[in-house]
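Using the sequences provided together with the hints, build the complete structure.
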Amino acid sequence: MALKSKKFRWERKGLLGLRELSAEEITYILDTAEGFEQISSRTVKKAPALRGKTVVNLFFEDSTRTRNSFALAASRLSADVVEFTKKSSSVSKGETLLDTARNLEAMGIDIVVIRHSAGGAAKLLSRNINACVVNAGDGFCEHPTQGLLDVYTIRKLRGSLDGLKIAIVGDIVHSRVARSDMWAMTKLGAEVTFVGPATLMPGQVEQLPVKVSYSLDEVIEKVDVINMLRIQFERLGGNPFPSVREYSHYFGLTVERMKRAKEDILVMHPGPINRGLEMESEVADGKNSVILEQVTNGVAVRMAVLFLVNQAAAQKK
Amino acid sequence: MALKSKKFRWERKGLLGLRELSAEEITYILDTAEGFEQISSRTVKKAPALRGKTVVNLFFEDSTRTRNSFALAASRLSADVVEFTKKSSSVSKGETLLDTARNLEAMGIDIVVIRHSAGGAAKLLSRNINACVVNAGDGFCEHPTQGLLDVYTIRKLRGSLDGLKIAIVGDIVHSRVARSDMWAMTKLGAEVTFVGPATLMPGQVEQLPVKVSYSLDEVIEKVDVINMLRIQFERLGGNPFPSVREYSHYFGLTVERMKRAKEDILVMHPGPINRGLEMESEVADGKNSVILEQVTNGVAVRMAVLFLVNQAAAQKK
Amino acid sequence: MALKSKKFRWERKGLLGLRELSAEEITYILDTAEGFEQISSRTVKKAPALRGKTVVNLFFEDSTRTRNSFALAASRLSADVVEFTKKSSSVSKGETLLDTARNLEAMGIDIVVIRHSAGGAAKLLSRNINACVVNAGDGFCEHPTQGLLDVYTIRKLRGSLDGLKIAIVGDIVHSRVARSDMWAMTKLGAEVTFVGPATLMPGQVEQLPVKVSYSLDEVIEKVDVINMLRIQFERLGGNPFPSVREYSHYFGLTVERMKRAKEDILVMHPGPINRGLEMESEVADGKNSVILEQVTNGVAVRMAVLFLVNQAAAQKK
Chain A
1 MALKSKKFRW ERKGLLGLRE LSAEEITYIL DTAEGFEQIS SRTVKKAPAL
51 RGKTVVNLFF EDSTRTRNSF ALAASRLSAD VVEFTKKSSS VSKGETLLDT
101 ARNLEAMGID IVVIRHSAGG AAKLLSRNIN ACVVNAGDGF CEHPTQGLLD
151 VYTIRKLRGS LDGLKIAIVG DIVHSRVARS DMWAMTKLGA EVTFVGPATL
201 MPGQVEQLPV KVSYSLDEVI EKVDVINMLR IQFERLGGNP FPSVREYSHY
251 FGLTVERMKR AKEDILVMHP GPINRGLEME SEVADGKNSV ILEQVTNGVA
301 VRMAVLFLVN QAAAQKK
Chain B
1 MALKSKKFRW ERKGLLGLRE LSAEEITYIL DTAEGFEQIS SRTVKKAPAL
51 RGKTVVNLFF EDSTRTRNSF ALAASRLSAD VVEFTKKSSS VSKGETLLDT
101 ARNLEAMGID IVVIRHSAGG AAKLLSRNIN ACVVNAGDGF CEHPTQGLLD
151 VYTIRKLRGS LDGLKIAIVG DIVHSRVARS DMWAMTKLGA EVTFVGPATL
201 MPGQVEQLPV KVSYSLDEVI EKVDVINMLR IQFERLGGNP FPSVREYSHY
251 FGLTVERMKR AKEDILVMHP GPINRGLEME SEVADGKNSV ILEQVTNGVA
301 VRMAVLFLVN QAAAQKK
Chain C
1 MALKSKKFRW ERKGLLGLRE LSAEEITYIL DTAEGFEQIS SRTVKKAPAL
51 RGKTVVNLFF EDSTRTRNSF ALAASRLSAD VVEFTKKSSS VSKGETLLDT
101 ARNLEAMGID IVVIRHSAGG AAKLLSRNIN ACVVNAGDGF CEHPTQGLLD
151 VYTIRKLRGS LDGLKIAIVG DIVHSRVARS DMWAMTKLGA EVTFVGPATL
201 MPGQVEQLPV KVSYSLDEVI EKVDVINMLR IQFERLGGNP FPSVREYSHY
251 FGLTVERMKR AKEDILVMHP GPINRGLEME SEVADGKNSV ILEQVTNGVA
301 VRMAVLFLVN QAAAQKK
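Chains as they are written, first to last, in this note's numbering: chain A, 1 to 317; chain B, 1 to 317; chain C, 1 to 317.
Honestly, I wouldn't trust all of these hints.
Pairs involving identical chains hold if they fit within one copy or between any two copies, as the list cannot separate such chains.
Cross-link-like lysine-lysine pairs, in silico, BS3-like; alpha carbons within 30 Å at most [unchecked claim]: (1) K211 with K317; (2) K259 with K222; (3) K287 with K316; (4) K156 with K7; (5) K46 with K316; (6) K222 with K316.
Think of the hints as simulated: they come from the structure by calculation, not from any bench.
See below:
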């Protein structure tokens with residue numbers, strides 16, 4: 001794979017989603033991230049790759065992890081970072097997303113990292129500005145760097161995703177993580193099963209390249225990796241499940257349930273965890289958990305993405 | 001002009017308003033900004049001029065454009081930037097503006113960029129602290145870097161402002177942009193006309209160095225440059241005009257109205273635009289619009305201002 | 001003292017409070033801060049000591065002074081700074097403090113500067129993460145860098161604290177500043193008197209290494225240094241004193257009261273000042289006031305703390 005990727009040349013000056021990427025492209029990002037992972041473990045965590053470049057964090061939804069992870073990734077590549085949050089902005093004066101982005105571009109921003117509640121927001125930007133656009137989550141569509149850091153983490157610990165059985169459990173319908181994971185994991189050869197109550201399954205799930213199960217107990221023994229999605233109370237309308245206790249009973253990753261899992265199962269979570277709901281604390285902090293490794297790898301993956309899109313943009317000039 | 005400015009020496013360690021500047025001083029800032037404009041178009045957008053200096057963005061009003069523009073200008077000159085916004089601050093504990101500023105100064109801040117709803121806030125600071133003070137907008141008084149970037153944009157595209165006819169249209173009374181523009185434009189030889197409904201004209205407008213018109217239709221054919229001010233709903237009390245539709249009918253820059261304008265008229269707007277109100281989208285995005293150039297030039301002009309005030313402060317030590 | 005400290009080696013990779021530090025350790029921080037004070041007065045205020053390190057400002061309470069002071073200290077040591085405030089964070093999604101900190105650590109943060117309303121928050125973190133932890137104020141417990149900058153300021157102006165009489169006046173019970181001051185000042189040989197109404201005295205004050213007085217008038221003539229605590233209206237429950245006017249009458253530092261003080265008394269305040277309440281403006285801005293020197297010294301002291309904890313962490317690896 002390393003050999004193959006050496007002949008490869010990354011050509012995209014943005015990262016909108018993983019659906020549109022080839023397995024080769026995904027692999028190339030992961031290989032690039034491996035190089036950057038070392039920088040983050042050095043005493044001096046700095047590379048000059050983006051010196052004199054400006055990255056804007058254009059976040060229209062709350063975020064700790066992703067926003068900080070991108071900011072750190074950009075800083076470690078020596079870029080200047082501009083933080084742009086909804087409240088402190090002209091958006092409260094009614095300016096449109098496009099005007100905001102065009103203005104930032106006019107100021108000489110090189111890369112826009114955008115999170116927005118509307119699906120397609122990143123794509124809309126990328127069609128209308130010349131700066132590089134990196135999707136940090138758009139509606140219920142994609143969260144590509146999360147997908148990448150998930151497959152990076154699995155590949156690092158298992159060597160390859162080829163033939164692995166992976167369960168993604170919980171609120172699938174509202175999860176852009178589930179979608180980006182699905183594309184990345186299946187393209188790299190894994191078999192993905194969406195697990196959750198029928199009320200939290202996407203409408204036409206049978207058209208997606210996944211298996212579906214409505215019972216975690218049926219799946220838990222068979223999988224090599226399990227990714228427990230966060231219940232996002234802030235997004236749940238209606239009553240998708242009778243109670244938190246009931247959800248937890250059927251779909252929570254408990255110590256009890258873990259006893260039936262493969263001994264070396266990798267337990268993942270995109271964070272932040274609702275401890276006691278999606279999983280018990282003993283599992284979150286247990287020996288199979290790779291949740292903090294995911295966070296660490298996220299910085300390396302984002303460094304790779306920022307580096308590659310900037311390089312592609314430079315080549316096109 | 002370049003020759004003339006070479007003999008000139010900038011002496012002010014702050015920028016409070018354009019009213020007090022000579023034409024020579026304004027020209028000197030514009031000439032300096034020309035040099036900095038190149039830096040922003042380089043691959044590595046960095047100059048070391050303010051390395052080891054600290055600039056604080058002390059903003060008591062919401063702002064995207066101006067705050068980010070100053071932050072980028074400071075970063076490109078290698079300064080450290082401290083963001084200070086109303087909410088995250090001791091101002092919520094009742095500390096006075098002066099105490100806040102004196103404390104920042106005591107921490108070794110070199111330049112304070114201040115935006116405040118009270119006219120004279122920047123001047124108050126400059127009389128009470130030794131750090132450089134740059135006015136980023138004070139009440140309805142001045143917004144000098146906006147005035148500078150406006151004349152910079154016109155000079156760049158027309159060579160000179162001498163003899164140009166310029167209309168500034170809209171809510172003049174609440175506009176610090178109109179005031180700073182007026183001083184900069186008239187000092188550089190342009191003829192300025194304030195255009196708007198009588199209810200949005202300043203009280204003693206006849207004492208200002210401008211013409212006044214209450215009809216955009218009378219003015220539109222004659223001007224070389226038109227600057228469409230933003231209707232700032234958040235500042236309008238009472239009922240200065242019957243309805244948005246009526247305002248737009250008489251004072252909006254429509255495609256229809258543009259047909260009667262000079263073919264090479266420059267269309268400006270300080271942003272953010274209320275599309276469909278001050279101007280139609282086709283005009284905002286049309287061939288005569290220089291709105292995004294204004295934004296680009298704003299960074300260069302602010303780099304020049306930060307550079308010059310810091311240099312003047314260093315010479316005085 | 002300088003000689004003594006040269007043989008000393010700082011071993012703590014965090015700073016949780018001053019209670020646990022020896023006089024020698026405190027002195028060593030002050031000596032280190034002296035070196036850094038010079039950097040802040042240079043034209044280029046930069047030292048490379050923390051280049052490639054990342055400091056996060058993890059503030060769960062509002063703060064101007066302390067947050068900016070740490071940010072500037074970190075920047076002047078060339079660290080990258082991540083600002084983390086309550087509102088823009090996953091804490092609003094219900095994530096626990098520990099999860100937040102562990103995630104930041106997983107991203108490769110080197111130093112966490114934490115302010116939290118819960119006493120012991122910094123200690124909790126330090127036991128659970130490997131990154132350096134610096135307490136920027138925890139509940140009513142400690143605010144060690146404030147204590148350090150206070151003794152730094154006194155030592156700088158008086159040569160030593162040995163034998164000095166110091167009054168700390170006001171809302172002692174809610175003041176972490178009073179506690180950190182008490183430990184630092186008494187360990188360096190000063191005699192500390194807590195002064196305030198009985199309702200604002202800690203419960204078992206007789207067990208602390210201080211004198212207690214309920215009358216500022218009894219104390220004012222005798223002390224070399226007076227530290228006027230801020231009345232923190234946001235923390236006062238009940239009715240600890242009949243009225244602001246009455247408090248001010250008995251415990252405010254008025255011009256009148258200052259006439260009875262030693263001529264060279266040092267007047268301190270941790271800021272922000274409620275002018276006219278804890279002290280009259282003429283006193284705050286008068287010749288005995290060292291309030292702004294405190295602010296200036298705060299940056300140097302924080303540079304020293306960040307430098308030392310990072311160095312200790314590096315030695316342990």
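Results of checking the hints against the structure:
Taking identical chains as interchangeable, the C-alpha atoms of K211 and K317 are never at most 30 Å apart, the minima being 44 Å within one chain and 46 Å between chains. In the homo-oligomer, the alpha carbons of K259 and K222 lie at most 30 Å apart inside one protomer (12 Å), although the nearest pairing across protomers, at 71 Å, exceeds that limit. Proximity of K287 and K316 under a CA criterion of 30 Å is satisfied inter-copy only: 25 Å between copies versus 46 Å inside one chain copy. For the homomeric pair K156 and K7, the shortest alpha-carbon distance inside one copy (22 Å) is at most 30 Å, but the shortest distance between copies (46 Å) is not.
In the homo-oligomer, the alpha carbons of K46 and K316 lie at most 30 Å apart both inside one protomer (26 Å) and across protomers (22 Å), since each shortest distance falls under that limit. With identical chains, the CA atoms of K222 and K316 are never at most 30 Å apart, being 47 Å at best within one copy and 43 Å at best between copies.
The structure fails hints 1 and 6 (numbered hints given earlier, in ascending order).
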